[in-house]
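Engineer: Listed below are the residues making up each chain.
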Amino acid sequence: MQIRGRKQMKGNNRITLPIGPQHPSLKEPGCFTITLEGEKVVGAVIGIGYNHRGLEKACESRNYIQNLYLIERVCGICSHTHSTAYCQGIEELAGLSIPRRAAYIRVIVAELERLHSHLLWLGVAGHEIGFDTLFMYAWRDREKVLDMLAKLCGNRVNYGINTIGGVRRDLDDRMLQDISKMADALQDQVKYYLDLALTETTLSARLAGVGKLSHEDALKFGAVGPVARSADIADDIRVTEPYAAYAEIPVKPITDTHADVFGRTVVRVREMLESINIIRFCIKNLPDGDIVVKAPLRIPAGEVISRTEAPRGEDIHFIRSNGTNMPERVRVRAPTEANWRGMKYMLEGGYLADVPITIAAIDPCYSCTDRAIVVNSDSGTEVMDWQKLRQYSIDWYKKQGIDIPSVKMPNR
Amino acid sequence: MLRNGPGKIVNMTIKQFFKEPATIAYPKGKMDIADKYRGRLIYDPANCIGCNLCVRNCPAGALKITNEGTKGDRKMRADLNVGHCIFCCQCVDCCPKKCLSFSQNIDLSSLNKKDLTVRL
Amino acid sequence: MLLTFVKILIFPGFMFLAVYGLIFEYIDRKVYARLQNRVGPPWYQPLADFFKLLGKETIIPADANKRMFQTLPVISLSAVAAAFIYVPVFGEASSSSFEGDLIIVLYFLTIPTICSFLAGWYSRGVYATIGSTRTLTQMFAYEVPLFMALLAPSLIAKTWSVTGMTAFYSEHPLYILINFPAFFVALIAGQGKLERAPFDSPEAETEIVSGALVEYSGKLLAIFKMSIDCELVLVASLISAIFMPFMTGIAGLDFVLYFIKTIVMLLFLAVLRSAMARFRVDQMVSFCWKYLTPIAIAQIILNLIVRGELV
Numbered sequence: 001m002q003i004r005g006r007k008q009m010k011g012n013n014r015i016t017l018p019i020g021p022q023h024p025s026l027k028e029p030g031c032f033t034i035t036l037e038g039e040k041v042v043g044a045v046i047g048i049g050y051n052h053r054g055l056e057k058a059c060e061s062r063n064y065i066q067n068l069y070l071i072e073r074v075c076g077i078c079s080h081t082h083s084t085a086y087c088q089g090i091e092e093l094a095g096l097s098i099p100r101r102a103a104y105i106r107v108i109v110a111e112l113e114r115l116h117s118h119l120l121w122l123g124v125a126g127h128e129i130g131f132d133t134l135f136m137y138a139w140r141d142r143e144k145v146l147d148m149l150a151k152l153c154g155n156r157v158n159y160g161i162n163t164i165g166g167v168r169r170d171l172d173d174r175m176l177q178d179i180s181k182m183a184d185a186l187q188d189q190v191k192y193y194l195d196l197a198l199t200e201t202t203l204s205a206r207l208a209g210v211g212k213l214s215h216e217d218a219l220k221f222g223a224v225g226p227v228a229r230s231a232d233i234a235d236d237i238r239v240t241e242p243y244a245a246y247a248e249i250p251v252k253p254i255t256d257t258h259a260d261v262f263g264r265t266v267v268r269v270r271e272m273l274e275s276i277n278i279i280r281f282c283i284k285n286l287p288d289g290d291i292v293v294k295a296p297l298r299i300p301a302g303e304v305i306s307r308t309e310a311p312r313g314e315d316i317h318f319i320r321s322n323g324t325n326m327p328e329r330v331r332v333r334a335p336t337e338a339n340w341r342g343m344k345y346m347l348e349g350g351y352l353a354d355v356p357i358t359i360a361a362i363d364p365c366y367s368c369t370d371r372a373i374v375v376n377s378d379s380g381t382e383v384m385d386w387q388k389l390r391q392y393s394i395d396w397y398k399k400q401g402i403d404i405p406s407v408k409m410p411n412r
Numbered sequence: 001m002l003r004n005g006p007g008k009i010v011n012m013t014i015k016q017f018f019k020e021p022a023t024i025a026y027p028k029g030k031m032d033i034a035d036k037y038r039g040r041l042i043y044d045p046a047n048c049i050g051c052n053l054c055v056r057n058c059p060a061g062a063l064k065i066t067n068e069g070t071k072g073d074r075k076m077r078a079d080l081n082v083g084h085c086i087f088c089c090q091c092v093d094c095c096p097k098k099c100l101s102f103s104q105n106i107d108l109s110s111l112n113k114k115d116l117t118v119r120l
Numbered sequence: 001m002l003l004t005f006v007k008i009l010i011f012p013g014f015m016f017l018a019v020y021g022l023i024f025e026y027i028d029r030k031v032y033a034r035l036q037n038r039v040g041p042p043w044y045q046p047l048a049d050f051f052k053l054l055g056k057e058t059i060i061p062a063d064a065n066k067r068m069f070q071t072l073p074v075i076s077l078s079a080v081a082a083a084f085i086y087v088p089v090f091g092e093a094s095s096s097s098f099e100g101d102l103i104i105v106l107y108f109l110t111i112p113t114i115c116s117f118l119a120g121w122y123s124r125g126v127y128a129t130i131g132s133t134r135t136l137t138q139m140f141a142y143e144v145p146l147f148m149a150l151l152a153p154s155l156i157a158k159t160w161s162v163t164g165m166t167a168f169y170s171e172h173p174l175y176i177l178i179n180f181p182a183f184f185v186a187l188i189a190g191q192g193k194l195e196r197a198p199f200d201s202p203e204a205e206t207e208i209v210s211g212a213l214v215e216y217s218g219k220l221l222a223i224f225k226m227s228i229d230c231e232l233v234l235v236a237s238l239i240s241a242i243f244m245p246f247m248t249g250i251a252g253l254d255f256v257l258y259f260i261k262t263i264v265m266l267l268f269l270a271v272l273r274s275a276m277a278r279f280r281v282d283q284m285v286s287f288c289w290k291y292l293t294p295i296a297i298a299q300i301i302l303n304l305i306v307r308g309e310l311v
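Residue numbers (our numbering), protein chains in the order written: chain G, 1 to 412; chain L, 1 to 120; chain P, 1 to 311.
This is chain G alone, in the form it adopts within the complex (with noise of 0.2 Å):
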């Protein structure tokens, strides 16, 4: 589809803007196209799909070990949410149970993830209304964080402390002091952006009444998360379903009533503070014991769904294994794919001046969502299958010319 930058006059003063696939407040590559009456949004079509990177395919091909790694890298900043669900799906097919210390260290580094991903939020929400100064302290402090996990797991995003079984580095108590006055200063911090959202005039003056997605709309459009939890939907997999160590933390779901972009700034910033609760917690009740269990190389045949709770909302994981070292199919339900559907809603209405905010309120993860392919032909829609789609693509390059069984491949 070709997006052309001019003003296309329709005899009724409406112009139509493109943001993307390359603008400067989207931090990954998707198309939205805008149409403007003056300045209000009247029209709004939303096109995602550009990160799409045939991860689903490649995990069948890989064995579970080095899928891993690839399902790590489904997304730069739940990436250890994704390594979990993965791993407890295996853990379950296999029968395993993971150590106590293990469930707790893999607690930690979740709410420390959950802590580097609000505050790269609150920086990109701030950037976008153009409030430069709070997008640079925001990710000052995200520094410590992202320190922190390099000290525990060896790289700042990535972690790789997830294996299947356990997790595969040990905290000592040196470690742990670390951690506890990191949390301190990160507390105070955050304190204070608590106050300056819920008291800054001009913050409140362009996150209020923008976006506005009210309860019935949440449940209609299936929305997760922060977005969900903002009209007053207590939705919390830690809760509801408590994984890894979940189930002996006190957590408390922080919902609020505003039902608007404001509404999520303030769930996000309280899910901060939580967060920090969380971890003190955790450290104080550490138990003591081993961190791995071993994990067989052939994994039983059967089917697991598996869920937990990203820092932007529920993540599904579903494993079909057949008893050999690679799986036959691997699902993975991001959460944003949940939160786009209530896009086109929440932006007809505002202003201009609130799409960019509007659309990095729900935390978009583009990498996360790209998965499932569903081409649409005259007659409908039609989900093709592999094979299918194979000879799709053959037949489509054929007809611009290039023929795909010829074309030789570089060595590596």
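Calculated from the structure, these hints are not laboratory results. Heads up, some of the hints might be wrong.
As the list claims (entries may be wrong) - Below, in silico cross-link-like pairs of lysine-lysine (DSS-like), each with a Cα-Cα straight-line distance of 25 Å or less:
hint, chain 1, residue 1, chain 2, residue 2
1, L, K30, G, K144
2, L, K114, L, K75
3, G, K408, L, K114
4, G, K151, L, K28
5, L, K15, P, K261
6, G, K151, L, K113
7, L, K113, G, K408
8, L, K36, G, K294
9, G, K294, L, K15
10, G, K181, L, K30
11, P, K225, P, K56
12, L, K98, G, K294
13, P, K7, L, K28
14, L, K113, G, K144
15, L, K30, P, K30
16, G, K181, L, K19
17, G, K40, P, K290
18, P, K30, L, K8
19, P, K30, L, K19
20, G, K151, L, K98
21, G, K408, L, K64
22, G, K144, L, K19
23, L, K97, G, K191
24, G, K144, L, K36
25, G, K212, G, K344
26, G, K144, L, K15
27, P, K52, L, K28
28, L, K30, G, K151
29, L, K8, P, K52
30, G, K191, L, K15
31, G, K181, L, K36
32, G, K144, G, K284
33, G, K191, L, K19
34, P, K56, L, K15
35, G, K181, L, K15
Since the structure of chain G is already known, use the hints to place chains L and P on it.
Structural biologist: Just chains L and P, lined up with the frame of chain G:
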């Protein structure tokens, strides 16, 4: 502190003006890397038995182990494609003889692709 | 004759304005960075940016009006340079002055805004059109309070020349305190005129990618950016000449004092830039008409009372 008003962040910005900047001008400034940060691999050929478990479990297919001697008199060599390596250290974990370990060296860029395949 | 040319083109005319504009941009960016706990650019950054832009290729869109595209930056820069002639640099002396030159300076200050609007209009792209309409909408918002705030002190000084007002207020320093609300309004409306945060929605990077100047590149963009920097110097000098006219009478010392005054104005503007989120255009219009204009009107009434016309 709950009074409403614009420009409330001014207090903090004025305080930051007199502090040291939080960013360093790399490479002029020094960067401190955590110990146990996963960097370039280190290979000890003395104990390697050529089982290729590391090669099979590498998610990126970046490692290659070859035996340049004979079966009786081994001369094991490892080649790593630093451009493909994702620094997960799964190879370090699954080696039964513990021949692989990792350093904190992360300055691994080069100006041409051939230099990216290094001999460990 | 030669002396007039030197005064207008070199010092304290155009060359001085250009060099001082680059220095101002450096100080502004460095202070903005330090307020955000960052390092900031080195001292030669604005000069390097200017030369880099001069060396780039100038691309003009196919359905843009080529002649207007190329002349608008030059008109913008020359208007700012012409306005600077009447602003006092050595204490109360400027390159040239006559009765009524405050009106001329304000008129010249509108020209860069109109040029920016026309540049966006003639570029014929969607982002440029939205940016230029926002420029005009914002002009309707800040123009009235800015003009009223800058004209209010002239009521007490009984003169409409900038140098005349500077001379009057340095002789009667107590009247400066009466003009304090106008100073506040002029500072905020000046930030709107310069289209800097929080009033930078004509140039909102995250919404319309650089607004009216989106299609400009190369030499033309270099001249436009130079005119924006010079406009910053002009507004800072104008506000410091009208509202902070401290003089000692010795020419050399007054020149140093000029630097100090304008840099203090710049510090205010830089802190204002870092302190708030961007206003939407409708919020900007309602803010200016609800808060700034009544304060300016109140200042005019107060000045009329002090002058003795009312009451």
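Engineer: Now tell me, hint by hint, if it's right for this structure.
Structural biologist: Against the structure, the hints come out as follows:
The suggested pairing of K30 of chain L with K144 of chain G holds, with an alpha-carbon distance near 17 Å, which does not exceed 25 Å. A distance of roughly 23 Å separates the Cα atoms of K114 of chain L and K75 of chain L; the hinted pair therefore holds under the 25 Å criterion. The hinted pair formed by K408 of chain G and K114 of chain L meets the criterion: a straight-line CA distance of about 21 Å does not exceed 25 Å. Distance hint between K151 of chain G and K28 of chain L is fulfilled; the C-alpha atoms sit about 23 Å from each other, no more than 25 Å.
Among the hinted pairs, K15 of chain L with K261 of chain P is consistent with the structure: their alpha-carbon atoms are about 23 Å apart, no more than 25 Å. A hinted pair counts as satisfied when its Cα atoms are at most 25 Å apart, and K151 of chain G with K113 of chain L does not qualify at roughly 31 Å. For the given pair, K113 of chain L sits about 20 Å from K408 of chain G by alpha-carbon distance, which is consistent with the 25 Å threshold. Pair hint K36 of chain L plus K294 of chain G holds up; C-alpha atoms about 23 Å apart against a cutoff of 25 Å.
A hinted pair counts as satisfied when its Cα atoms are at most 25 Å apart, and K294 of chain G with K15 of chain L does not qualify at roughly 53 Å. Proposed proximity of K181 of chain G and K30 of chain L is supported: the alpha carbons are some 24 Å apart, at most 25 Å. A hinted pair counts as satisfied when its Cα atoms are at most 25 Å apart, and K225 of chain P with K56 of chain P qualifies at roughly 14 Å. Proximity of K98 of chain L to K294 of chain G is assessed by CA-CA distance (about 17 Å); at most 25 Å being required, the pair is judged to hold.
The hinted pair formed by K7 of chain P and K28 of chain L fails the criterion: a straight-line CA distance of about 44 Å is larger than 25 Å. Annotation: proposed proximity of K113 of chain L to K144 of chain G is violated, straight-line Cα distance about 34 Å (limit 25 Å). About 22 Å separates the Cα atoms of K30 of chain L and K30 of chain P, which keeps this hinted pair within 25 Å; it holds. Annotation: proposed proximity of K181 of chain G to K19 of chain L holds, straight-line Cα distance about 21 Å (limit 25 Å).
Only pairs whose Cα atoms come within 25 Å are accepted, and K40 of chain G paired with K290 of chain P is accepted, the gap being roughly 23 Å. Restraint check: the Cα-Cα separation between K30 of chain P and K8 of chain L comes to about 21 Å, which is no more than 25 Å; the hinted pair holds. Taking the CA atoms of K30 of chain P and K19 of chain L, the gap is near 14 Å; set against the 25 Å cutoff, the hint holds. As the CA atoms of K151 of chain G and K98 of chain L are separated by approximately 22 Å, the hinted pair is consistent with the 25 Å bound.
Distance check on the hinted pair: K408 of chain G and K64 of chain L sit about 23 Å apart at the alpha-carbon level, within 25 Å; holds. The straight-line distance between the Cα atoms of K144 of chain G and K19 of chain L is roughly 17 Å, inside the 25 Å bound, and the hint therefore holds. A hinted pair counts as satisfied when its Cα atoms are at most 25 Å apart, and K97 of chain L with K191 of chain G does not qualify at roughly 50 Å. In summary, the hint linking K144 of chain G to K36 of chain L is supported, as the alpha carbons are separated by about 17 Å, within the 25 Å threshold.
A hinted pair counts as satisfied when its Cα atoms are at most 25 Å apart, and K212 of chain G with K344 of chain G qualifies at roughly 11 Å. For a cut-off of 25 Å, the pair hint linking K144 of chain G to K15 of chain L stands: about 19 Å separates their Cα positions. Proximity of K52 of chain P to K28 of chain L is assessed by CA-CA distance (about 24 Å); at most 25 Å being required, the pair is judged to hold. For the given pair, K30 of chain L sits about 18 Å from K151 of chain G by alpha-carbon distance, which is consistent with the 25 Å threshold.
Straight-line distance between C-alpha atoms of K8 of chain L and K52 of chain P comes to about 38 Å, which puts the hinted pair past the 25 Å bound. Under the criterion of a C-alpha separation no larger than 25 Å, the hint pairing K191 of chain G with K15 of chain L is consistent with the structure, at around 17 Å. Distance restraint check for K181 of chain G and K36 of chain L: the Cα-Cα separation of roughly 20 Å lies within the 25 Å cut-off, and the hinted pair is therefore satisfied. With a C-alpha separation of about 21 Å, the suggested pair K144 of chain G and K284 of chain G falls inside the 25 Å cut-off, and the hint holds.
The suggested pairing of K191 of chain G with K19 of chain L holds, with an alpha-carbon distance near 21 Å, which does not exceed 25 Å. For a cut-off of 25 Å, the pair hint linking K56 of chain P to K15 of chain L is broken: about 40 Å separates their Cα positions. Proposed proximity of K181 of chain G and K15 of chain L is supported: the alpha carbons are some 22 Å apart, at most 25 Å.
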